[in-house]
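Given these sequences and hints, build the entire structure.
For the record, in the sequence shown the residue sitting at position 26 is 26 according to the UniProt record's numbering, with numbers rising by one throughout.
Because the hints were derived from the structure by calculation, they are not lab data. Beta carbons: idealized from backbone N, C-alpha and C, even for Gly. Be a bit skeptical, because a hint or two may be false.
What the hints assert, rightly or not - So the derived label-pair ranges between C-beta atoms look like this:
1) Leu13 to Glu50: 28 to 38 Å
2) Leu14 to Asn43: 20 to 30 Å
3) Arg3 to Asp32: 43 to 53 Å
4) Ser5 to Glu48: 38 to 48 Å
5) Val53 to Leu9: 40 to 50 Å
6) Asn43 to Ala8: 25 to 35 Å
7) Leu9 to Leu29: 40 to 50 Å
8) Asp45 to Ala10: 18 to 28 Å
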Amino acid sequence: MKRHSTLALAAALLMIGATTGCERKEKVLEVDSPGLQVDVERNVDTGEVEVNVDEE
Numbered sequence: 001m002k003r004h005s006t007l008a009l010a011a012a013l014l015m016i017g018a019t020t021g022c023e024r025k026e027k028v029l030e031v032d033s034p035g036l037q038v039d040v041e042r043n044v045d046t047g048e049v050e051v052n053v054d055e056e
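Quick look at the structure:
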């Protein structure tokens, strides 16, 4: 009986982990130049665009 409840708990935790926590993003543009890096990503679910600029 204990083994079945452990399996059920593991399955439930796996389902919760699979449906939450991770944003699905796609890289739209990546520019690497001396002293500057630009990344543009789009959230697949919402369409929101994020631009990151890093000075190296």
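Verification of the hints:
no. : hint                       : verdict
1   : Leu13 to Glu50: 28 to 38 Å : holds (29 Å)
2   : Leu14 to Asn43: 20 to 30 Å : holds (24 Å)
3   : Arg3 to Asp32: 43 to 53 Å  : holds (52 Å)
4   : Ser5 to Glu48: 38 to 48 Å  : holds (40 Å)
5   : Val53 to Leu9: 40 to 50 Å  : holds (44 Å)
6   : Asn43 to Ala8: 25 to 35 Å  : holds (33 Å)
7   : Leu9 to Leu29: 40 to 50 Å  : holds (43 Å)
8   : Asp45 to Ala10: 18 to 28 Å : holds (27 Å)
Hint compliance for this structure: every hint is met.
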